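Please build the complex by placing chain Y on the supplied structure of chain F, with the hints as guidance.
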Amino acid sequence: MAVLVIASVVLMTLDHRQHHLESFRSALSVLIYPIQWLVDLPSNTTDWFQESLASRRSLQEENDRLKTEQLLLKAELQKYQSLQTENQRLRKLLDSSFKVGERVLIAELLSVDLDPYRHEILLNKGSRDGVYVGQPIVDASGVMGQITQVTPLTATAMLITDPSHAIPVQVDRNGLRSVAQGIGSIEWLSLPHIPNSADIHEGDLLVTSGLGGRFPPGYPVARVERLQRDPGEAFAKIFARPLAALDRSREVLLIWTGDSGQQTQPAAPPAAEPAP
Amino acid sequence: MSALTERHSGSLILGTLLLALVLSIVPLPDTLRYARPDWALLVLLYWNLHLPDRVGVGAAWLVGLLQDALVGSLLGQHALAYTLCAYIAVKLHQRLRLYPLWQQAISISVLLALAQLLFLWINGILGRPVNITLYWLPTLLGMLIWPLLAFVLRFLQRST
Numbered sequence: 001m002a003v004l005v006i007a008s009v010v011l012m013t014l015d016h017r018q019h020h021l022e023s024f025r026s027a028l029s030v031l032i033y034p035i036q037w038l039v040d041l042p043s044n045t046t047d048w049f050q051e052s053l054a055s056r057r058s059l060q061e062e063n064d065r066l067k068t069e070q071l072l073l074k075a076e077l078q079k080y081q082s083l084q085t086e087n088q089r090l091r092k093l094l095d096s097s098f099k100v101g102e103r104v105l106i107a108e109l110l111s112v113d114l115d116p117y118r119h120e121i122l123l124n125k126g127s128r129d130g131v132y133v134g135q136p137i138v139d140a141s142g143v144m145g146q147i148t149q150v151t152p153l154t155a156t157a158m159l160i161t162d163p164s165h166a167i168p169v170q171v172d173r174n175g176l177r178s179v180a181q182g183i184g185s186i187e188w189l190s191l192p193h194i195p196n197s198a199d200i201h202e203g204d205l206l207v208t209s210g211l212g213g214r215f216p217p218g219y220p221v222a223r224v225e226r227l228q229r230d231p232g233e234a235f236a237k238i239f240a241r242p243l244a245a246l247d248r249s250r251e252v253l254l255i256w257t258g259d260s261g262q263q264t265q266p267a268a269p270p271a272a273e274p275a276p
Numbered sequence: 277m278s279a280l281t282e283r284h285s286g287s288l289i290l291g292t293l294l295l296a297l298v299l300s301i302v303p304l305p306d307t308l309r310y311a312r313p314d315w316a317l318l319v320l321l322y323w324n325l326h327l328p329d330r331v332g333v334g335a336a337w338l339v340g341l342l343q344d345a346l347v348g349s350l351l352g353q354h355a356l357a358y359t360l361c362a363y364i365a366v367k368l369h370q371r372l373r374l375y376p377l378w379q380q381a382i383s384i385s386v387l388l389a390l391a392q393l394l395f396l397w398i399n400g401i402l403g404r405p406v407n408i409t410l411y412w413l414p415t416l417l418g419m420l421i422w423p424l425l426a427f428v429l430r431f432l433q434r435s436t
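From first to last, the protein sequence lines are chains F and Y.
Residues 1 to 276 in the working numbering are what the first sequence spells out, letter by letter.
Residues 277 to 436 in the working numbering are what the second sequence spells out, letter by letter.
In isolation and in its complexed conformation, chain F is listed as follows (with noise of 0.2 Å):
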């Protein structure tokens, strides 16, 4: 019994102080994959009835919309690379560098419950696809987080709502910088320390700065809605709501953000599939 208590002291201070124990947690989570598989299992096969038994019609217009939609993101896309090229001509011709195209790989949610208090989500990819610490993920409208912990076959990230998090930040229509820091609740983030007199409106658009170099520059976090200039306090209250969808999403981007130099992850091993 004492043993076993000073154990798990002894486990708690490792766990929290230094990282020795990824082996360790990796080896449990191996073990435990049997079981959150299992949970997953019922949204799973749901998904798959849901696909299998679509009826043609619906399929077709599924078809249909999805070709449209192509469409439209090719013509959009011709247009990026045209603004691409160009956008590097005229970099270089300030002499600043700048690396557009990132690897990405889809990872999918296991729809398993982690600890109600924190916000986290278990992603289906692992180390033996090339995940690391630290990796930024997006999925189709705005950034979600980062992977805190890799195992073999799965990932747990932190959403950017978590009350631990903070991500640096821009104002996409004047580049004013701050930090968007998560409130524990789902639907908000917080951007403490902005001066009253600061323009920044209701409606602005907040992308990632690319400071501290976790995430790539120029990705949408999220769009400010709450604004409170109170002339007796320091600092206006300002909020923002997410714009990716944290708790809807069963699909999520992993993205590479590549050697830029100033990353203190290693570089990902080649074995991931590349963005087509």
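What the hints contain is simulated information worked out from the structure, not anything from laboratory work.
Small disclaimer: the values here were computed from a predicted structure and weren't measured.
For each residue, glycine too, the CB sits at the ideal point set by N, CA and C.
Watch out, some of these pointers could steer you wrong.
[What the hints assert, rightly or not] So the derived list for chain F, only partly shown, Cβ under 8 Å to chain Y, looks like this: (1) Met-1; (2) Leu-11; (3) Leu-28; (4) Ile-35; (5) Leu-114; (6) Thr-156.
[Claimed, not checked] Below, a sample of chain Y positions facing chain F; criterion: calculated Cβ distance under 7 Å: (7) Leu-297; (8) Ile-301; (9) Val-302; (10) Pro-303; (11) Trp-337; (12) Ser-349; (13) Ala-355.
[To be verified] Pair ranges (Cβ atoms, derived): (14) Ser-164(F) with Pro-423(Y): 35 to 45 Å; (15) Leu-109(F) with Leu-424(Y): 30 to 40 Å; (16) Gly-218(F) with Ser-287(Y): 49 to 59 Å.
Coordinates of chain Y only, in the frame set by chain F:
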């Protein structure tokens, strides 16, 4: 107890504990997430009371460790709480087993509260905020569920 029934009860113990672990990560709607009772601890305590020679402090530690890995908490947090609760339950099993179910439920709720209190302390040390108004809901629900759980498990135990 013959070897056959022993093996039977062994698979029953393992099965119920696994089911409890599954229940502790099954996705729930957001409003119910904070109310999830500590299934693993409840089932563990039942076996601690009824088969203390087979499910003791060591088993509790292992289940706690698995629970830690499952919910992504600090490694050892659940292990510590489960070990302490199991220790008390095994020490008092002869007395607790004689109580009527409602009285047992109250004693069990004290143990559940002890575990919750430990988690609160650990989270406090780590500086992780918790929603304090809903924090004791799992304990309360666990207490209400205990008579039912004990009834079902006893039925399963008798029928094997």
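Evaluation of the provided hints:
1. For Met-1(F), the interface hint holds, the least distance from its beta-carbon to any beta-carbon of chain Y being 5 Å, beneath 8 Å.
2. Because the smallest distance between the Cβ of Leu-11(F) and any Cβ of chain Y comes to about 3 Å, under 8 Å, the interface hint for this residue holds.
3. A least Cβ separation of about 4 Å between Leu-28(F) and chain Y falls short of the 8 Å threshold, and the interface hint therefore holds.
4. Hint status for Ile-35(F) relative to chain Y: holds, with the closest Cβ pair at about 6 Å, below 8 Å.
5. Against a cut-off of 8 Å between C-beta atoms, the interface hint on Leu-114(F) holds, since the closest Cβ of chain Y lies about 5 Å away.
6. The beta carbon of Thr-156(F) comes within 6 Å of a beta carbon in chain Y, closer than 8 Å, and the hint placing it at the interface holds.
7. A distance limit of 7 Å between C-beta atoms decides the matter here; for Leu-297(Y) the minimum to chain F is near 6 Å, and the interface restraint holds.
8. Interface hint at Ile-301(Y): satisfied, since its Cβ lies 4 Å from the closest Cβ of chain F, which is below the 7 Å cut-off.
9. Hint status for Val-302(Y): holds, given a least beta-carbon distance of 5 Å to chain F, under 7 Å.
10. Taking 7 Å as the C-beta cut-off, the interface hint given for Pro-303(Y) holds, the closest approach to chain F being about 5 Å.
11. Residue-level restraint check for Trp-337(Y) holds (minimum Cβ-Cβ distance to chain F is 5 Å; threshold 7 Å).
12. About 6 Å separates the beta-carbon of Ser-349(Y) from the nearest beta-carbon of chain F, less than 7 Å, and the hint is met.
13. Because the beta carbon of Ala-355(Y) sits about 4 Å from the nearest beta carbon in chain F, less than 7 Å, this interface hint is met.
14. A beta carbon spacing of about 39 Å between Ser-164(F) and Pro-423(Y) agrees with the range 35 to 45 Å that was offered as a hint.
15. In this structure the supplied range 30 to 40 Å holds for Leu-109(F) paired with Leu-424(Y), their Cβ-Cβ distance being about 32 Å.
16. Between Gly-218(F) and Ser-287(Y) the Cβ separation comes to about 56 Å, which falls inside the hinted range of 49 to 59 Å.
When each numbered hint is compared with the structure, no violation occurs for any of them.
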